[in-house]
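S.K.: First to last, the protein sequences are chains A and B.
Counting along the first sequence from 1, when you hit position 383 you're at 383 in the numbering used here, and nothing is skipped either side.
Counting along the second sequence from 1, when you hit position 155 you're at 155 in the numbering used here, and nothing is skipped either side.
Hints listed in this document are in silico derivations from the structure and should not be mistaken for laboratory results.
Chain A stretches covered by chain B per the calculated footprint, using a threshold of three residues with CB under 8 angstroms from any CB of chain B:
hint	segment
1	43-54
2	304-315
3	381-387
Keep in mind that this is a model prediction, so the values were computed, not measured.
In this text, a Cβ means the ideal position worked out from N, Cα and C, and glycines have one as well.
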Amino acid sequence: MVHARPSEHLTRLETQADYVAFRAQAQARWKDLWEGSRTVVSVGVGSSSIAKGALDVLDTCRAELGNAAVVREVSGNGAFWMEPWIEIRRPGEPPVVYGPLQAADVTAVFNGERDDLAVGVRNSEPLRNIPSLNEHPFFRDQLQIISRNAGVIEPDSIEDAIARGAYDGYFKVLFEMSAEEAIAEVTAANVRGRGGGGFPAGIKWESGRKARVTPKFVVCNSHEGEPNVYKDRHLHECDPHRILEGILIACVVCGAERGYNYIGGEYPLAIRRFRKAVADAERIGLIGKNILGTGHDIAFRIRTGGGAYICGEASAMMFSVMGVRGQPRTKPPRSVEEGLWKRPTIANNTETLANIPDIIVNGGEWYAGLGTEGSKGTKLMTVQGPLARHGVVEVEMGMTLRKLFDDIYGGMAEGRTFKGVQTGGVSAGPLKDEHLDIPVDFDSLGDVGGMLGSGGWVIFDESVNVVDFARYLTAFNRYESCSKCVPCRLGNPALVEILDRIRFGRGSMDDLTLIQRTSKHIIELSLCGLGQVAPVPLIGMIEHFPEDFEHAVKYGTMTAPPLPLAAD
Amino acid sequence: MAHAESAHAVLPVPAPFTGRQDVDPEVVRELLSHFTFDDYEEAQELILSALQEVNEHFGWVSPEAAQIVAEHLNTTVNRVFGLLTFYADFRTEPRGHHHMLICHGMACYVMGSQALVQEMQGGFGIDDGETTADEQVSIQVVNGCLGVCDLAPVVKLDDEYFGPVTAEELTSLLNRAIGGQRAMREKGVSNGPRPTK
Numbered sequence: 001m002v003h004a005r006p007s008e009h010l011t012r013l014e015t016q017a018d019y020v021a022f023r024a025q026a027q028a029r030w031k032d033l034w035e036g037s038r039t040v041v042s043v044g045v046g047s048s049s050i051a052k053g054a055l056d057v058l059d060t061c062r063a064e065l066g067n068a069a070v071v072r073e074v075s076g077n078g079a080f081w082m083e084p085w086i087e088i089r090r091p092g093e094p095p096v097v098y099g100p101l102q103a104a105d106v107t108a109v110f111n112g113e114r115d116d117l118a119v120g121v122r123n124s125e126p127l128r129n130i131p132s133l134n135e136h137p138f139f140r141d142q143l144q145i146i147s148r149n150a151g152v153i154e155p156d157s158i159e160d161a162i163a164r165g166a167y168d169g170y171f172k173v174l175f176e177m178s179a180e181e182a183i184a185e186v187t188a189a190n191v192r193g194r195g196g197g198g199f200p201a202g203i204k205w206e207s208g209r210k211a212r213v214t215p216k217f218v219v220c221n222s223h224e225g226e227p228n229v230y231k232d233r234h235l236h237e238c239d240p241h242r243i244l245e246g247i248l249i250a251c252v253v254c255g256a257e258r259g260y261n262y263i264g265g266e267y268p269l270a271i272r273r274f275r276k277a278v279a280d281a282e283r284i285g286l287i288g289k290n291i292l293g294t295g296h297d298i299a300f301r302i303r304t305g306g307g308a309y310i311c312g313e314a315s316a317m318m319f320s321v322m323g324v325r326g327q328p329r330t331k332p333p334r335s336v337e338e339g340l341w342k343r344p345t346i347a348n349n350t351e352t353l354a355n356i357p358d359i360i361v362n363g364g365e366w367y368a369g370l371g372t373e374g375s376k377g378t379k380l381m382t383v384q385g386p387l388a389r390h391g392v393v394e395v396e397m398g399m400t401l402r403k404l405f406d407d408i409y410g411g412m413a414e415g416r417t418f419k420g421v422q423t424g425g426v427s428a429g430p431l432k433d434e435h436l437d438i439p440v441d442f443d444s445l446g447d448v449g450g451m452l453g454s455g456g457w458v459i460f461d462e463s464v465n466v467v468d469f470a471r472y473l474t475a476f477n478r479y480e481s482c483s484k485c486v487p488c489r490l491g492n493p494a495l496v497e498i499l500d501r502i503r504f505g506r507g508s509m510d511d512l513t514l515i516q517r518t519s520k521h522i523i524e525l526s527l528c529g530l531g532q533v534a535p536v537p538l539i540g541m542i543e544h545f546p547e548d549f550e551h552a553v554k555y556g557t558m559t560a561p562p563l564p565l566a567a568d
Numbered sequence: 001m002a003h004a005e006s007a008h009a010v011l012p013v014p015a016p017f018t019g020r021q022d023v024d025p026e027v028v029r030e031l032l033s034h035f036t037f038d039d040y041e042e043a044q045e046l047i048l049s050a051l052q053e054v055n056e057h058f059g060w061v062s063p064e065a066a067q068i069v070a071e072h073l074n075t076t077v078n079r080v081f082g083l084l085t086f087y088a089d090f091r092t093e094p095r096g097h098h099h100m101l102i103c104h105g106m107a108c109y110v111m112g113s114q115a116l117v118q119e120m121q122g123g124f125g126i127d128d129g130e131t132t133a134d135e136q137v138s139i140q141v142v143n144g145c146l147g148v149c150d151l152a153p154v155v156k157l158d159d160e161y162f163g164p165v166t167a168e169e170l171t172s173l174l175n176r177a178i179g180g181q182r183a184m185r186e187k188g189v190s191n192g193p194r195p196t197k
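Model the full structure from these sequences, guided by the hints.
M.R.: This is the structure in structure tokens:
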């Protein structure tokens, strides 16, 4: 893993006044960039756009436009359907976003010859018949709070981030606010855990603060191993400083002396950008000894995972940080009492921590005004499958799935018909068309067997056989079981075997009863969250698509017997 | 077919494999030299990162490298192997000249990645994590997600992404990578039975 170097021109800030001066300087630089006389070309580079050639576009921009314009490497903005994109701000005009384009188009676009590639203009008024980007259906219904810097700032530049308000909340808890007040704001905001559990962060922080054992730690859980979620990676790529600020605020408020971020090892770009953010923040003295002269000492460590889904579970994650196999343990003691290295540990999801800076700056009441009764704020969502558009979006809690799918994501791709949507990653059941009008928040989908979870939705159409799909989901849980406790270790393979029997046409109706019984064992007897929900997708599939399973029992779904192999 | 320049310095991935990498103990020691620690606890926290560094550099972690990591970080080789076998990212066998990832995340599944996995197993006779008989291509099935879901189903060969990929395209991609030879490996001959995980 490449160790990031901080930017050379940054120097350590010793006092509050130093920081205020630095912030003013960053803001002036930002203002000059957008109001000055130079043309600014920004290229959206994220792991999704790199796959489509964004680095070629960036190289071409640097080589051909480097003299005529300021070329910036910003992050992706969540809109995969317009990647690779570039944004050109000509003096006196608002920035115009063009995409999708390839390296060969760059010069023509820059010269203003390819306005047909324009997606929108970053302005409320249209420009030369180019509509406003915020009027595009993909952006119109979004409420971008934690992702508002996506595609706007250079993630590698701490000055860009500070000019856009990063570390304002951190500054507030360091100088203007007591820890009790900060926790009161977080509690008033009622921000709930975004990783899937939905546990209120304020309560967790309160008990973390009250814990008497020292040292204490704060761990940010950025490991998302679910096979359809990449919101945390997106957040790391576009605004690493926001996450870092959330962790640092938690450290100050809870009195922790060390912050951790545990990132999935399969996200090289996210890790690289986050390392750079930490290196820069250390360089200017926002991390380290005697931060800005306040006497606070906070150390920071980045740890990377090794590709085990179970490490998203808090206790397993802490074992992984400690360099052992990530296998969950029984609770209590909870991690705020006895976590990392047997010390009180406050573990939060990335997205939860990313919400904290805005709550501190704008107040808990502001945040509590967003969303629904029980679920406040916004949620990052990823919807995949045969849709017209793809990407990561941030919407206010309480939006209906139909609005999300049909308006923001543009409905089904041409020639595809909606059959169902798998919810909650691999931890909940599917939903059908009639459920799409339920407003989505943490609590609403439970009655129909769905779940918000971490905000990953996978739409499937008639080309997907639900029995095979259920087998895929069960096989995923079989593969990712940590093998610690017996019901999960043996139960999931048993479910896969039963399903394979049905798929091969050797099943009977008794097998469906057997599935229910085995599932009940796994759900009731497993130790951790993975085991307790492992059979839920399968049961949901049977409940919502019983005729498909009955058909499979009679005729099977495959022509050749399943291969006795590990992969699939 | 989108494509990203492999020489670009943005991603901390090693240079494309030019051949099977034997693990040079000196290089491993050099890689580990910046893993410094103050106490036992920090050393423990570094084991996974150190193994990742070795795994990324060589494509696999040899028993010898595992021993060096264990010695450097004051732990036992048993413990290191416990980690290597638990975490899916690590390989304990050398990689081929090329490395292919087949995304089998849920989005790719609903768009048909099952056919790619079946093609890999049935057509080329290799399973997840194995290498073609001529040692040219190692294939790994990604259970997580490559995060390029609009190209689903996605295949990543070395540093290049391809998608949407059909089974026929996967065959031609693999055939191109292994130099036109269709390398068939008889199942069970070289690898023996494998436990189902």
